[in-house]
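What follows is each chain in one-letter form.
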Amino acid sequence: MQNKVSDILKKVPAYLLVGIWIVIALTPLLWMVSTSFKGETSLMSTPPKLIPDPFSLENYQKLLEQPVFLWVKNSVFVATIITLEVVIVSSMAGYAFAKLQFPGKNFMFWLLISTMMIPGQVTLAPLYELVMNFGFLDSFKALIFPPMAAVWGTFLLKQFIQTLPSELIDSGRVDGASEWQIFSRIILPVAKPGLAVLGIFTFVAHWNDFMWPLVVLKDQSRYTIQLGLSAFRFEHTTAYGPMMAGATLAALPMVIIFLLLQRYFMEGLTVGALKG
Amino acid sequence: MNLSLRRGIHNREAIAGYLFVAPVYIAFILFTLYPLVKSVIMSFTMVGTEYVGWVGLQNYAAVFKDYAWWPSVKNTIIYSAVVVPAAIFIPFFLAALVRLMTPAAQTIAKSCLYLPQVSSGLVMSLVWFWIYDPFNGLMNYLIGKVGIPPQIWLGDANTALLALILMSVLAGHGSNMLLYLAAMGGIPNTLYEVARLEGANWWQTLHNITWPLLRPTVLYVMIMSIISSFQVFTPAYVMTRGGPGLATSTVVYKIFNDLFTYFSFGIATAEALLLAVVIIGISLIQFRFFASDVEY
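Chains as they are written, first to last, in numbering that gives the first Met the number 0: chain A, 0 to 275; chain B, 0 to 295.
Hints are computed from structural coordinates only; laboratory data are not their basis.
None of these values were measured; they are calculated from a predicted model.
Treat the hints with care, as some may be off.
Claimed, not checked - Some chain A residues judged to face chain B by a derived CB distance under 10 Å, without partners named:
hint	residue
1	Y14
2	T34
3	L42
4	Y59
5	I87
6	V121
7	A124
Cβ atoms here follow ideal geometry from the backbone N, Cα and C, with glycine treated the same way.
So here's chain A without its partners, still in its complex pose:
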C-alpha cells in the first residue's frame, strides 16, 4: 500500500510537466478559436479573456465578405483528387516493388528513394517552367499533376505490402487470376490499413500546402483556403478577428479528421522511421 502511494507521488512531476507542455502547445489554437468569437472591443480587452464575453459572430460575418466557401470548396476538391491519385498510383507501384520480380527493379526503387532527401526548392523553378509550358499555370492542373510522382507514398506502401504473405499471390496465380486481378482483388483489400494511412497523410498535407499553390495560382477564384487567408492577411493587416475566424475554419477540418482517425496518424508516423 505504502509502495503504491509513493509510486503515485513519484509520478506527480511527470503529470505536471507533461500537463504544462500540453497547455503551452494548445494555447495558440485555443487563443485562435477564442479570438474568432470575440467582438471588436473585447478583442482588445486587458487582461485578455479566454472565454469570449460577449460571445460574437461578427468576425465570421466579416470573413464571409471574402469568398471563403469557394476557397474551402477548392481546397476540398484539390486535396481529394490528389489523395485519390496518390493512393492509386502508390499502391500499384508499392505492390510491384514489394512483390513482383522485374529486371532493374532494385535500381529503379533506389533512384526513387534517393531523391527523397533533396529539398523541394531545387525543383521549384524548373517545375514552374514546366507547368507554364504545359499551360497549367493558374489552374488546378498545376496542383493536381505533380504529386503523382508519389515517392513517399510508394515507399510507404512498399514497406506495408512487403509484410503481407506472398502465398496470397501464389494462390491467386494458381487459380488463374490475372496480375491485375491479383492486385485489385487480393492485395488491395488486405492493404486497406496502409492505404488509409497514406490517404489521410496525403489529404492533410495537401489541404495544408502553401508554397506551391502560392507559386502557381493567381486568380482569387481558384485560391485554396490557405492562399485566400494569406491574401486576406496582407490586405487587412490588423483585422485579427476575421483572420482568426479564417484560421479556425482552415484548421477545423484537419482537427476533426485527426480526432476521428487518430490511430492511422500514429501508425503512419512510425513506418518511415522504424522499418526504413
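Following the hints, complete the assembly by docking chain B onto the known chain A.
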C-alpha cells in the same frame, strides 16, 4: 512446373511489374528527375528569365556576392541551431515522462501534443502573428506578468528572428514524441529491471539505457528536423516578409523571392542547389558518425 511455364510466369510478372510502376515512374521522371537535371542546367545557363547559354559559375559567384545571401544563411543557421535541438530533446523528455503515466492519460497526452501539428504552417503563422501583436498580443501580456516590458516582436530586428524561433520551439512536438515512444516500447524491460536492481534512478536509466538505445530514432529525428528547419519559409513569408530589413530572411525565403519577385531564375536555382548540397552533406555526415546498429 516445367521450364517454359515458369519463364512464361516470369515474363508475365515482369511486364506487370513495369506496368504497375509506370504511372508513378513516368510522373517521377517528368516532375522530379527532369526538373532536378533542369535546375542544374538553369543555374549554369540562365540570367534573369532568359537562357543566355553557358555562363559558368557566374550565378554561383553572384549568390556569394549578393548582400542578402549571407544574412539569410546566418538566420537559417541560427534558427536551426535552436529549433533542431528543441525538436530532438523536448519530445524525448516528453516521451520519457508520458511513459510513466497510466494508459488512459497517455492517450490523452499523445492526442493533445499531436493536435497542433495537423494545422498548417499558414494557420500557425497567422495565430502567432496575432499573439505577437505589440499592442493587444497575448505574448506581451504574458511576459508583462513576469515583469518584462512589452516588445515589438516582429517589428523589431532584434526580436523578430527570436519570435519565429520561439514559435517553433513552443510546439507540441507530438510526431517526434510518438516516434520516441514507439522506439522506447521496443527496449526490453529486463534492461530496466536490471538497472533498478542496481539502484539506478530515473535520470540514470534515461541517460544510460534509453538514450543510447534510441540512437537510430534520434538520428532519424535529427535529420528530419534539420531538413525541415533548413527549409523554413511560411512563417518568414506570412509574419514578417523576411523583415524588418533582412532580420528574418531565410535561405528558402530568399530563393522564393529571387524566383517570384526578382525573376532571377539562374541565381535562385544556384541557391537552391547550394542548399541541397548542404542538406544532403549534413545528412550523410550524420549517417556516418551516428549510425550504428543497436543490438539489444
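Structure-based check of each hint:
no.	hint	in the structure
1	Y14	holds, 6 Å
2	T34	holds, 7 Å
3	L42	holds, 7 Å
4	Y59	violated, 15 Å
5	I87	holds, 8 Å
6	V121	holds, 5 Å
7	A124	holds, 5 Å
Hint 4 from the list above is the single one not met by this structure.
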